[in-house]
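When we follow the numbering used here, the leftmost residue of the sequence shown carries the number 211, and every step to the right adds one.
A few of these clues could be false.
[Unchecked claim] Below, in silico cross-link-like pairs of lysine-lysine (DSS-like), each with a Cα-Cα straight-line distance of 30 Å or less:
(1) LYS293 <-> LYS219
(2) LYS247 <-> LYS218
(3) LYS333 <-> LYS219
(4) LYS247 <-> LYS293
(5) LYS337 <-> LYS293
(6) LYS293 <-> LYS218
(7) LYS247 <-> LYS219
(8) LYS218 <-> LYS337
None of these hints come from the bench; they were simulated from the model.
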Amino acid sequence: MSIVAARKKFQAYLTDQGLRVTSQRLAILEAAFAQTKHFTAEQLLDHARAIDSSVSRATVYRTLPIMTESALVREVDIGSGEKLYLPATNSTQVAQVVCVDCNRIFEISAPFMEWYGSTVSSKLGLKPVSQRLQVSANCIAFHEHRSCPNRTKQA
């Protein structure tokens with residue numbers, strides 16, 4: 211999804227929910243969609259403040275759930291206690307592989323997930339609302355050489 215389409219969708223969602231469309235919320239959206247890797251709320255705060263210095267920490271923490279509920283941003287929990295986020299740029303199903311040595315998240319296309327979710331849900335008379343596949347894995351290079359090549363690739 212382009213930033214233009216995301217902005218339109220976000221503005222419509224805010225209006226439908228009876229929430230104000232503010233320059234701070236739009237700066238947060240713009241900052242989120244400028245990211246190519248998973249980010250934390252604190253990292254988003256820094257990026258949003260580069261766009262609009264009046265963005266507050268509280269506004270970021272209140273806006274992230276709104277962007278998640280509107281399906282503009284995906285929330286990722288890798289069990290580290292800190293939530294990570296990524297713009298929902300497409301509707302392709304993805305599986306996440308988390309390196310437990312460096313906490314880097316890899317996302318790979320997993321088109322079978324839609325079929326699987328529908329199949330197992332329909333057998334129970336249910337309709338899937340959401341699903342995720344997350345694999346925790348060790349870095350083979352780290353365990354063999356005590357050096358994780360993915361650590362240097364993190365932003």
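Results for each hint:
1. At most 30 Å may separate the alpha-carbon atoms for a hinted pair to count; LYS293 and LYS219 meet this at roughly 23 Å.
2. Note on LYS247 and LYS218: the hinted pairing holds, with a Cα-Cα distance of about 23 Å set against a maximum of 30 Å.
3. Taking the CA atoms of LYS333 and LYS219, the gap is near 34 Å; set against the 30 Å cutoff, the hint is violated.
4. Distance check on the hinted pair: LYS247 and LYS293 sit about 13 Å apart at the alpha-carbon level, within 30 Å; holds.
5. A C-alpha spacing of about 27 Å is found between LYS337 and LYS293, which places the hinted pair at or below 30 Å, so the restraint holds.
6. Between LYS293 and LYS218 the alpha-carbon distance is near 26 Å, which keeps this suggested pair within the 30 Å criterion.
7. Of the pairs offered as hints, the one joining LYS247 and LYS219 holds, with about 22 Å between alpha carbons and a cut-off of 30 Å not exceeded.
8. For a cut-off of 30 Å, the pair hint linking LYS218 to LYS337 stands: about 28 Å separates their Cα positions.
Of the numbered hints stated above, the single one contradicted by the structure is hint 3.
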